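Asker: Heads up: the sequence shown begins at 1 in the working numbering, then just goes up one per residue.
Because the hints were derived from the structure by calculation, they are not lab data.
Bear in mind that the values here come from a model prediction, so they are computed numbers and not experimental data.
Hints may be right or wrong, so weigh each one.
Claimed, not checked - Derived DSSO-like pairs (lysine-lysine); straight-line CA-CA distance at most 27 Å:
| id | residue 1 | residue 2 |
| --- | --- | --- |
| 1 | Lys85 | Lys73 |
| 2 | Lys29 | Lys15 |
| 3 | Lys85 | Lys74 |
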Amino acid sequence: MTKFISLITSLPGPKSQEIAKRREKYIAKPMGSSLSPCYIAHGDGALVTDVDGNQFIDLTGGWGCLAVGHTHKKVVAAVKDQAEKYLHTDFTAVPYESLVELAEKLVKLAPGNTPKVAAFFNSGAEAIENAVKIARAHTKRPAIIVFENAFHGRTLLTMTMTHKAMPYKYHFGPFAPEIYRLPFPSSSHFFKCKLILIF
Numbered sequence: 001m002t003k004f005i006s007l008i009t010s011l012p013g014p015k016s017q018e019i020a021k022r023r024e025k026y027i028a029k030p031m032g033s034s035l036s037p038c039y040i041a042h043g044d045g046a047l048v049t050d051v052d053g054n055q056f057i058d059l060t061g062g063w064g065c066l067a068v069g070h071t072h073k074k075v076v077a078a079v080k081d082q083a084e085k086y087l088h089t090d091f092t093a094v095p096y097e098s099l100v101e102l103a104e105k106l107v108k109l110a111p112g113n114t115p116k117v118a119a120f121f122n123s124g125a126e127a128i129e130n131a132v133k134i135a136r137a138h139t140k141r142p143a144i145i146v147f148e149n150a151f152h153g154r155t156l157l158t159m160t161m162t163h164k165a166m167p168y169k170y171h172f173g174p175f176a177p178e179i180y181r182l183p184f185p186s187s188s189h190f191f192k193c194k195l196i197l198i199f
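Based on the sequences and whatever the hints tell you, model everything.
Answerer: Now the structure itself:
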């Protein structure tokens, strides 16, 4: 793999176009469309190569879960090592030490001198759902404030919290109650608010 962008076909290439036809036939519509019409075959660091041999910079990074990029040697070695031991258990059914070790490390890294614990979830939407439950239980208040233009997920609650209707929310209501949307408090928004208050 070269270390730069390389386009060898028109986009999307013929192999990606063929896969797209199969996708249209076999993938459910609620899955939505992809940002890229090109289908990945390989990744290395921040670069991905599609099935037609075109190479791009991966600007999404798995939407945040590829902090060290694709196929990092240490990550690949750790995955292989774990796969040779066992593949999966639900920690709430059959616990394992490595999760306890990770929690210990995260708690020690977290700032502040107050007692802390870690919680793990299988998706961002599940983490947000649990954060809302914890906030509501702690405050004894049901209302949740979210900001405009934010994406939170595709469960009922997180879709309600997500700002963009298309493609995430269209035709999926009614939505969860007690969700209130505000503009994001950027410095320019704060400046405008101050001007309004002055005049």
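Asker: Next, verify each hint and record whether it holds.
Answerer: Verification of the supplied hints:
Proximity of Lys85 to Lys73 is assessed by CA-CA distance (about 19 Å); at most 27 Å being required, the pair is judged to hold. With a C-alpha separation of about 21 Å, the suggested pairing of Lys29 with Lys15 holds against the 27 Å cut-off. Between the alpha carbons of Lys85 and Lys74 the distance comes to roughly 17 Å, so the proposed pair stays at or under 27 Å and holds.
The earlier numbered hints are all upheld by this structure, with none contradicted.
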